[in-house]
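Take the position in the sequence shown, starting the count at 1, then add 13; the result is the number in the working numbering.
Honestly, the hints are just simulated from the structure, not real lab data.
Heads up, a few of these hints could be off.
No more than 20 Å apart at the CA atoms, straight line, and that leaves these computed lysine to aspartate or glutamate pairs for EDC-like [unchecked claim]: (1) Lys62 / Asp40; (2) Lys128 / Asp43; (3) Lys86 / Glu117; (4) Lys96 / Glu130; (5) Lys96 / Asp42; (6) Lys33 / Asp43; (7) Lys71 / Glu30; (8) Lys81 / Glu95; (9) Lys87 / Glu130; (10) Lys62 / Glu230.
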Amino acid sequence: MDYFTIKQTYYAGQYTETLKEIEKVTDQDDETIVFYKSKSQLSLNNYTKNQSSTSLGKIFDLYAEFLKSRNIKKLQSQVILEKATSFELNLLATAQAILGQYDESLETCTEGINKSEEAGSSEMILLAVQVALLIEKPSLAKSIFETYANNNEDLSGDAEQIINQAESYLKYSTSEDVAGSNFYYYEEMAQTFPSWKTQLALLNSHLQQLNIEEAGEIADLLDSDFYSVEQKEVGAAYKEHFLAAKINLSHIVGETDSDALRDELRKVNPHHPLIAANKQMNDKFDEIIAKYSS
């Protein structure tokens with residue numbers, strides 16, 4: 014089965030288009046189809062339980078429950094490392110990462126990567142790279158990526174585009190090819206597949222290079238009705254990332270609205286790294302004031 018367009022639209026953040034492509038597929042119980050259909054629905058906040066009788070479909074029901082409750086016990090009890098498929102392990106590893114169980118998440122990713130089955134392996138590499146970068150271990154992310162790339166030189170087109178995205182995250186995190194190939198990757202994605210995801214990636218790439226005018230233009234675009242109103246459902250999934258980018262932009266240009274943006278971000282995600290860093294800085298400042306005023 015050809016999954017290229019399905020994965021292409023999904024990783025560009027065009028989830029509605031992904032679902033349209035999936036509707037054309039005859040075998041709706043194909044595991045790859047179930048994975049991308051369910052992930053797209055979750056991204057659009059319109060996931061429906063019991064839509065697939067497959068093993069992966071049942072795991073997705075538990076994963077959807079976890080996203081609401083943040084209780085991983087049911088999901089964890091049903092995903093047995095030695096027996097689960099790569100896609101099932103992907104959901105468990107994602108849940109573990111959401112809870113901050115990063116070591117466990119990477120162990121689950123490793124289990125999935127080591128599966129002999131091809132389906133879901135590139136998706137596991139992408140997740141493992143993301144988790145390693147999230148905990149600021151770029152050398153580990155690079156090792157995971159390079160080991161897989163060196164052992165899988167003849168990737169299919171749909172797998173290659175996932176690996177390309179993993180490589181772009183790695184380069185962004187390590188400031189490699191900032192103004193070169195990695196920037197052009199994000200620029201081409203935003204031009205070819207305009208979406209919240211691709212525009213935000215390009216916005217952050219401009220911020221990394223201190224291209225303030227260009228970053229501001231993209232921020233204005235995402236604030237426009239085309240994105241903030243017509244793509245409201247998708248925008249909700251990216252709101253915290255957009256607010257974080259706007260906070261960084263306001264700091265660079267010296268605007269005074271960063272406090273209001275930070276308050277808004279705190280409401281959306283009180284555990285966001287920018288909120289945690291700001292709290293740590295304020296606590297340190299209060300400590301210094303208390304020390305020298307006593």
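Results for each hint:
| no. | hint | verdict |
| --- | --- | --- |
| 1 | Lys62 / Asp40 | holds, 19 Å |
| 2 | Lys128 / Asp43 | holds, 18 Å |
| 3 | Lys86 / Glu117 | holds, 14 Å |
| 4 | Lys96 / Glu130 | holds, 12 Å |
| 5 | Lys96 / Asp42 | holds, 19 Å |
| 6 | Lys33 / Asp43 | holds, 16 Å |
| 7 | Lys71 / Glu30 | violated, 24 Å |
| 8 | Lys81 / Glu95 | violated, 27 Å |
| 9 | Lys87 / Glu130 | violated, 25 Å |
| 10 | Lys62 / Glu230 | violated, 40 Å |
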